[in-house]
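Undergrad: Each chain is listed here by its residues.
Number of protein chains: 4
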Amino acid sequence: MSRLAEQAIEDLVLANHILSCEGILEAFGHVSVRHPDNPDHFLLSRSLSPQHVQKQDIMEFDFSGNPIGSSSYRPYSERILHAKIYEARPDVHAVCHNHALALIPFSTTGLDIKSICHVGCMFFEGIPLYDDYDVSDGMLIVNEREGERIARTLGSKRALLMRGHGVVVVGENLKQTVMSSIYLATNAEIQYRAMQLGDPKYLSYEEGRAATETMFGEVPLERAWNYWKERAIRSEAGYRQERGL
Amino acid sequence: MSRLAEQAIEDLVLANHILSCEGILEAFGHVSVRHPDNPDHFLLSRSLSPQHVQKQDIMEFDFSGNPIGSSSYRPYSERILHAKIYEARPDVHAVCHNHALALIPFSTTGLDIKSICHVGCMFFEGIPLYDDYDVSDGMLIVNEREGERIARTLGSKRALLMRGHGVVVVGENLKQTVMSSIYLATNAEIQYRAMQLGDPKYLSYEEGRAATETMFGEVPLERAWNYWKERAIRSEAGYRQERGL
Amino acid sequence: MSRLAEQAIEDLVLANHILSCEGILEAFGHVSVRHPDNPDHFLLSRSLSPQHVQKQDIMEFDFSGNPIGSSSYRPYSERILHAKIYEARPDVHAVCHNHALALIPFSTTGLDIKSICHVGCMFFEGIPLYDDYDVSDGMLIVNEREGERIARTLGSKRALLMRGHGVVVVGENLKQTVMSSIYLATNAEIQYRAMQLGDPKYLSYEEGRAATETMFGEVPLERAWNYWKERAIRSEAGYRQERGL
Amino acid sequence: MSRLAEQAIEDLVLANHILSCEGILEAFGHVSVRHPDNPDHFLLSRSLSPQHVQKQDIMEFDFSGNPIGSSSYRPYSERILHAKIYEARPDVHAVCHNHALALIPFSTTGLDIKSICHVGCMFFEGIPLYDDYDVSDGMLIVNEREGERIARTLGSKRALLMRGHGVVVVGENLKQTVMSSIYLATNAEIQYRAMQLGDPKYLSYEEGRAATETMFGEVPLERAWNYWKERAIRSEAGYRQERGL
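Protein chains in written order, with the numbering used here: chain D, 1 to 245; chain X, 1 to 245; chain B, 1 to 245; chain R, 1 to 245.
Since the hints were derived computationally from the structure, they do not count as laboratory data.
Treat the hints loosely; a few may be bogus.
No copy is singled out in the list; a pair is fine if it fits within one copy or between any two copies.
Using 27 Å as the maximum straight-line C-alpha spacing, the simulated DSSO-like pairs for lysine-lysine come out as follows [as the list claims (entries may be wrong)]:
| id | residue 1 | residue 2 |
| --- | --- | --- |
| 1 | 55 | 157 |
| 2 | 114 | 157 |
| 3 | 201 | 114 |
Here the structure is a predicted model, which means the values were calculated and not measured.
Could you put the whole structure together from the sequences, leaning on the hints where they help?
TA: Shown next as structure tokens:
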């Protein structure tokens with residue numbers, strides 16, 4: 001395995017823990033990265049709660065969701081959602097699917113989540129809504145055709161709401177995707193309250209564009225990643241100590 | 001005691017801790033399982049806050065709420081609620097009665113809690129409301145006739161709201177009941193917000209049915225159980241260390 | 001000091017920690033008990049955040065708020081509020097003044113907090129509102145005349161809202177006052193949400209009366225006290241360990 | 001370095017940790033103090049999440065935001081916001097810029113945050129709104145002219161809302177600024193709920209003035225500071241232990 005791939009796996013494990021610690025992932029949901037050595041493959045944990053994911057749990061998949069190599073692990077049933085987005089969006093290098101609570105009320109009422117605060121700036125181009133489930137699959141995205149519909153509805157955007165289910169967030173790299181996933185929930189919480197108070201003023205397209213350029217610069221991205229990393233490590237501390245790990 | 005009964009008690013102790021850790025049970029509320037060796041009996045802690053329940057606190061009861069054996073422990077006064085549901089519903093093998101905050105506003109306004117998100121799918125057949133208290137019992141379910149009314153109002157459903165008090169959640173096994181109890185509160189929180197935003201689209205009957213089949217499959221049920229188990233153990237860690245346990 | 005007084009001080013220290021741990025008291029607010037050996041005196045900490053109160057911080061006061069004995073500690077400026085309630089209400093043996101967030105929106109809108117859920121039953125006789133501040137005292141209750149007005153507005157009730165400030169909760173004993181303080185905040189949170197959803201059904205007078213009789217029985221009161229006590233001790237655990245206490 | 005300056009740096013490090021622990025600062029946001037030995041300079045951390053700031057990270061700046069001395073550290077890009085406020089307001093000795101969630105809905109709807117509760121009394125003179133961004137700077141305050149506009153809009157007040165971004169809170173000393181920052185978020189949360197319930201009664205000018213005089217007295221300020229300090233230290237405890245610090 002290349003040094004790049006090793007680093008990608010380490011970062012992916014940490015992203016699983018960060019997103020769990022920040023309440024974005026819980027028992028369910030998952031986060032993946034495109035394989036740094038092979039853009040036609042991606043890395044994603046076996047079927048586990050993200051909080052429990054360790055290096056040895058990371059599997060490799062192709063764009064049909066087939067596992068590469070001879071792993072006996074059970075994969076996530078929704079891996080096809082990741083596969084079809086990587087296939088359709090060469091610019092995307094990390095995907096998170098989560099059920100953050102603040103998002104779902106919007107998904108069920110057809111109201112758009114819009115960039116309302118600086119940290120939610122990256123969604124200034126809008127977030128489409130998916131509501132075209134294969135009913136017999138119980139609202140899960142588990143077949144190739146539905147994975148392709150998801151990718152098509154996402155289009156060129158940074159996130160896709162799934163009615164009554166959750167969201168898909170994508171980014172050019174893992175740190176962008178982690179930041180976007182966390183701040184999308186913050187943005188939705190703020191927007192919910194603002195809509196109860198009155199008629200909010202959202203970020204203009206130009207404000208959103210300029211703010212995103214800043215937020216996705218190396219300095220803010222690294223500062224936020226290190227902040228969330230320390231929080232994830234701290235939340236582990238008591239536990240690891242207890243277990244003698 | 002059979003190995004099955006030992007396992008049931010171990011799991012029941014853990015369910016008490018999981019539901020406390022997730023904020024579903026607090027000082028009050030309780031969770032029980034049907035006895036695996038004798039379907040006419042059920043297992044339930046003595047009168048204790050669920051967070052404190054250990055193996056030796058588990059008692060055995062019949063359908064009149066009488067304790068089996070010569071325990072000197074004081075039982076929960078509301079055990080009759082469990083007894084009458086086990087009597088009326090042979091398909092039910094675990095019962096949780098809780099006061100999760102997000103549910104009670106619905107119970108006082110006569111608004112139905114409906115499956116609005118994927119993880120709350122298991123309530124797709126609806127949740128009846130109980131409001132026929134014996135006033136002199138202070139809104140507690142402590143006599144056989146009221147226990148029977150509760151069971152009758154629950155009917156064949158998976159949960160029953162009790163006006164101004166809380167909820168009863170039932171399942172085919174303990175893990176289903178734990179998952180249903182946790183996600184019912186999530187569903188209510190999401191529905192509350194969605195109703196503030198507009199006119200939400202709920203799961204269709206068919207969506208709910210298919211999603212429930214998936215959620216109650218072994219893989220999601222085990223994944224979620226293990227996730228909540230680790231969280232409960234972690235929240236214990238600091239405490240057990242302090243006490244030298 | 002009598003054994004009764006020693007026990008009262010121990011319990012009062014624990015009540016300070018419980019109410020801090022449950023988010024009812026924070027930097028400000030205080031809780032007191034009537035002196036078990038001298039009904040004309042009461043026990044209250046010196047001016048400290050309740051989380052930090054230890055046995056040696058407990059002072060004794062008379063009904064004018066004068067400290068008994070030769071302590072050099074600085075007392076709370078609002079002790080007169082406690083003093084005048086003990087003077088006016090011989091049935092009251094414990095008083096808590098707190099700023100729990102969920103209560104204050106009601107106090108500023110003139111809306112009554114009413115018993116809406118079983119655990120909030122003890123307020124079935126209503127909660128009066130105080131809005132007659134000596135403006136020059138900055139909304140604090142620091143002089144005898146205002147302390148007397150507070151006691152008069154409280155009348156025979158179990159709590160008094162103070163507009164834009166907080167609440168006074170009283171009880172026949174310390175455990176009742178702790179339970180009532182915690183569940184009043186729960187009740188307000190539920191009522192807030194219920195009022196957003198529609199027109200809630202509150203507890204009837206008779207439901208409230210019967211439920212209060214049950215809740216204030218020894219078994220529920222002890223169960224809840226032990227539950228909160230363990231939580232307060234746990235939240236101390238990491239800290240005391242760090243400090244080698 | 002003078003003893004005064006050493007103490008200022010120690011307190012500033014602690015203020016960073018307190019405001020992180022209380023949820024006022026997170027990955028972003030910052031807090032500064034005027035240099036006690038040179039009123040034309042101020043102290044502010046290098047570009048770091050406030051939770052991670054230690055003594056050696058504190059830098060010194062002039063009113064143009066230029067670092068003093070030969071540090072190779074990267075400063076916060078928004079330091080000019082602090083600089084221009086210190087320049088315009090000789091009475092101000094500490095500045096906090098934060099994104100506390102409860103504030104931002106107000107900033108986007110043009111609704112005034114007003115003193116509604118006793119602990120939020122210090123804002124009785126009102127909080128102006130800034131909405132005059134240099135769009136190309138992505139809503140950040142990074143050039144001198146915009147820093148001057150911020151200072152001008154703040155005027156003589158204790159806080160300034162920035163539309164869709166956050167707030168600036170100022171005070172005569174660091175402890176005032178920390179208390180004001182924490183209680184402004186509390187006040188906004190209470191006001192949000194009160195506005196959902198009805199038409200709230202705010203503090204009168206005279207109530208606000210008198211209450212502020214009390215709250216900013218040495219006793220309440222020290223009590224609250226010590227309370228938050230202990231909480232910050234506790235939240236560090238598990239972590240420092242794990243790391244052997």
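Undergrad: None of the hints should be skipped; say for each whether it holds.
TA: Here's how the hints hold up against the structure:
| no. | hint | verdict |
| --- | --- | --- |
| 1 | 55 x 157 | neither (30 Å within a copy, 43 Å between copies) |
| 2 | 114 x 157 | within (12 Å within a copy, 31 Å between copies) |
| 3 | 201 x 114 | both (10 Å within a copy, 20 Å between copies) |
In summary, the structure is inconsistent with hint 1 from the numbered list given earlier, while agreeing with all the others.
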